[in-house]
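Visitor: Mind docking chain B on chain A? Use the hints.
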Amino acid sequence: MSSDDSGQQAISIEDLPLAQLQTIKAQLEAEISELTGAFSQMKQAQGAFRECKRCIDTLAPGSQDKTILVPLSNSLYVPGKISNIDSVVVDVGTGYFVEKSTKDAGTYYDHKIDYVQDNAKKIQETVEQKQASYRGLLEVMQLKITQQQQQQQQQAGAKAPTAAGE
Amino acid sequence: MADSKTLEAKRKALEKETMTLQDIRKEQATLIATRQTLDSQLQENELVEKEFGQLKDDARIYKMVGPVLVPQEKGESVANVQKRLEYIRGEIKRVDGRVEKLSADQQTLSMNAYKLQMEIQGMSKA
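Those protein sequences? They're chains A and B, same order as listed.
Under this note's numbering, the first residue of the first sequence carries the number 1, and numbering increases by one thereafter.
Under this note's numbering, the first residue of the second sequence carries the number 1001, and numbering increases by one thereafter.
Isolated chain A, as found in the complex (with noise of 0.2 angstroms):
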C-alpha cells in the first residue's frame, strides 16, 4: 500500500488525483526530514573523528613524559604521566578495540573522515534529488488545487439555475 510512489515515474504526478498527491507529499517530507537528521549525524560522526586525529597530532614526538590530567569523570581529574607515545588503541567498533602505532592510528582516522565525507555527500545529493521533486509536486498540487476551485466555482454557476427550475 505504501510502496514507493516517488520512485515510479512512468506515471505522471499531473495524473494523480490530490489525495494522493498529499500522501506522497508527506511521504516526501518524511524522507527528507528523515535524511537530514542523517546528514547531521554523518557530519557529528566526522567532527568526533577529527577530534580522534587532532589528539593523535598532540602526541608528537617530544611530549613523552610530559604530564597531563587524565580524567576520571566529567570533573575529576588526577594527574598522570605520557609514557607512551608510539601507540594508542583505538576503538573499532561493536566493543573491539585494537592497539595501532600513531601513524597507523592517524590512517585509520583520516579513512573514517574520508568515509564520512563520502556518506555525507551521498545523503546531500540524495536530499536535493528530493527537494527538487518535493518543490515540483508542490507546483503540481497548486495547480490543481486552483483548477479545482475554478471547476467549483463554474459548477456552483451552472447548477444554481436548475436548482431553482426545480
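Be a bit skeptical, because a hint or two may be false.
Pairs of lysine-lysine residues, derived as DSSO-like cross-links and limited to a Cα-Cα distance of at most 27 angstroms, are as follows [what the hints assert, rightly or not]:
#: 1; chain 1: A; residue 1: Lys43; chain 2: A; residue 2: Lys144
#: 2; chain 1: B; residue 1: Lys1063; chain 2: B; residue 2: Lys1050
#: 3; chain 1: A; residue 1: Lys103; chain 2: B; residue 2: Lys1074
#: 4; chain 1: B; residue 1: Lys1074; chain 2: A; residue 2: Lys81
#: 5; chain 1: B; residue 1: Lys1012; chain 2: A; residue 2: Lys100
#: 6; chain 1: A; residue 1: Lys103; chain 2: B; residue 2: Lys1016
Think of the hints as simulated: they come from the structure by calculation, not from any bench.
Owing to the predicted nature of the structure, the values given are computational and were not obtained by experimental measurement.
Guide: Positioned in the frame of chain A, the structure of chain B alone reads:
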C-alpha cells in the same frame, strides 16, 4: 429476517478483518524498526571485519568487557565477528521474509474488507 442476519454476520466479519489488518500494520512497524537496527549492526560489523582484514596477524586486539579491555586472539576475534555477521544476515533474511508475507496478507485482507464493505453497503441500501 435472513437478510438482517447475514448483514450482521458480514459486519462482524468486516470488523474482524479490520482488526487483523491493524495487527498486521503494528507488526510491520516493529519489523521495520528491527530491520533498521539490524542494518546498522550489519554495517558496523562489516567495518570491523574490514579493519581486522587489514591488521597484521600479531596485532593486539582487545575486547571491551564491562569497563575493562580484555586482550583477544586475532583469529578468535575474526571468527567471532564473522559469526555475528552470519547471524545478522540470517536475521535480516528472516525479517525480510516476514515483511513480505505480511504485505501479501495485508493486500488480500484489504481486498476482502473492501468487498465486504461494498456488500454491506449494497445490502443496507436494499
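Visitor: For each hint, tell me whether it holds in the structure or not.
Guide: Here's how the hints hold up against the structure:
{"no.": "1", "hint": "A/Lys43 <-> A/Lys144", "verdict": "violated, 39 angstroms"}
{"no.": "2", "hint": "B/Lys1063 <-> B/Lys1050", "verdict": "holds, 17 angstroms"}
{"no.": "3", "hint": "A/Lys103 <-> B/Lys1074", "verdict": "holds, 21 angstroms"}
{"no.": "4", "hint": "B/Lys1074 <-> A/Lys81", "verdict": "violated, 30 angstroms"}
{"no.": "5", "hint": "B/Lys1012 <-> A/Lys100", "verdict": "violated, 68 angstroms"}
{"no.": "6", "hint": "A/Lys103 <-> B/Lys1016", "verdict": "violated, 65 angstroms"}
This entry does not satisfy hints 1, 4, 5 and 6, going by the numbered hints stated previously.
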